[in-house]
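Take a look at the letters that make up each chain.
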Amino acid sequence: MVLEYALRFLAGGIAVSAFAMLGDTLRPKSFAGLFGAAPSIALATLLITLSHKGAPFAAVEGRSMIVGAFALASYSWVVCVLLKKYLLSSWTATTAAMVIWFVTALGGSAVLFQVP
Amino acid sequence: MIVQFNPSAFGQTRWNEYFVRFVLGGTMTVVAGLLAARFGPVVGGLFLAFPAIFPASATLIEKHVRERKEKAGLRGARRGKEAAALDAAGAALGSFGLAAFGLVIWLLIVRSPAWALALAAVSWLAVAMLAWQVRRRV
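Those protein sequence lines, which keep their order, are chains A and B.
In terms of this note's numbering, the first sequence opens at residue 1 and continues consecutively.
In terms of this note's numbering, the second sequence opens at residue 1 and continues consecutively.
Everything labelled a hint here was simulated from the structure, so no lab data went into it.
Mixed in with the good hints there might be a few duds.
Restricting the straight-line Cα-Cα distance to at most 27 angstroms, the calculated cross-link-like pairs of lysine-lysine (DSSO-like) are [as the list claims (entries may be wrong)]: (1) B:71 - A:53; (2) B:63 - A:53; (3) A:53 - B:69; (4) A:29 - A:85; (5) B:69 - A:84; (6) A:29 - A:84; (7) B:63 - A:29; (8) A:29 - B:71.
Selected chain A positions facing chain B (in silico; Cβ < 10 angstroms) [what the hints assert, rightly or not]: (9) 13; (10) 19; (11) 45; (12) 74; (13) 109.
Glycine included, each C-beta is placed from N, C-alpha and C at the ideal position.
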């Protein structure tokens, strides 16, 4: 159990850092931003999920991830507006907009899958 | 507009900034696993698209651009925010790629896990780049 979560931490840290570093080196900024929505956590998680819980469990996670991705699109768009139009600091805009992700993701999941 | 690769950007990021991203990414992966174990794959899957390192990344972008512009004698505060906003706009487009990734995993992973992961990664990149191209032309 501890080993599994240590492995998750390592795999997630490496995957997220790798995509973030790649994004740092790309121009224009809007293109580099694509890597802000890279499947870094998903790749690290799904590989471990496959070996521990099996493919059907991973398939359900993939289906939910579609809803999570649309929540991420809403979140990113709101962050963009808060930064451009209201000139909030990046930290304020990105943390304040978290509520959008939670409402969209959990709301979407409740409507589509009756969970949670 | 041509996409450019600028390896000198590595030098702008300090080791502690890389460390913060590593810890946040690792922590979020652990949290996603714990949530899936506690509440099941439906809730766990949502958190595979959680913007865990977004605040740290956006703050770094704003800071780096602001510092660069101020070094050049320009007013950097607004330019820093604009750069972070552009990055966020890119992430919004990239999210469609992430949805494609999830779709491929959902439909194919039971049949062929290795192919599903490979095809999902390719789908993410293809859809994200297509969305970016379409946005540029509109």
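Comparing the hints with the structure gives:
no.	hint	verdict
1	B:71 - A:53	violated (52 angstroms)
2	B:63 - A:53	violated (42 angstroms)
3	A:53 - B:69	violated (50 angstroms)
4	A:29 - A:85	holds (18 angstroms)
5	B:69 - A:84	holds (18 angstroms)
6	A:29 - A:84	holds (14 angstroms)
7	B:63 - A:29	holds (14 angstroms)
8	A:29 - B:71	holds (20 angstroms)
9	13	holds (3 angstroms)
10	19	holds (9 angstroms)
11	45	holds (5 angstroms)
12	74	holds (8 angstroms)
13	109	holds (6 angstroms)
The structure fails to meet hints 1, 2, 3 from the earlier list, while all remaining hints are met.
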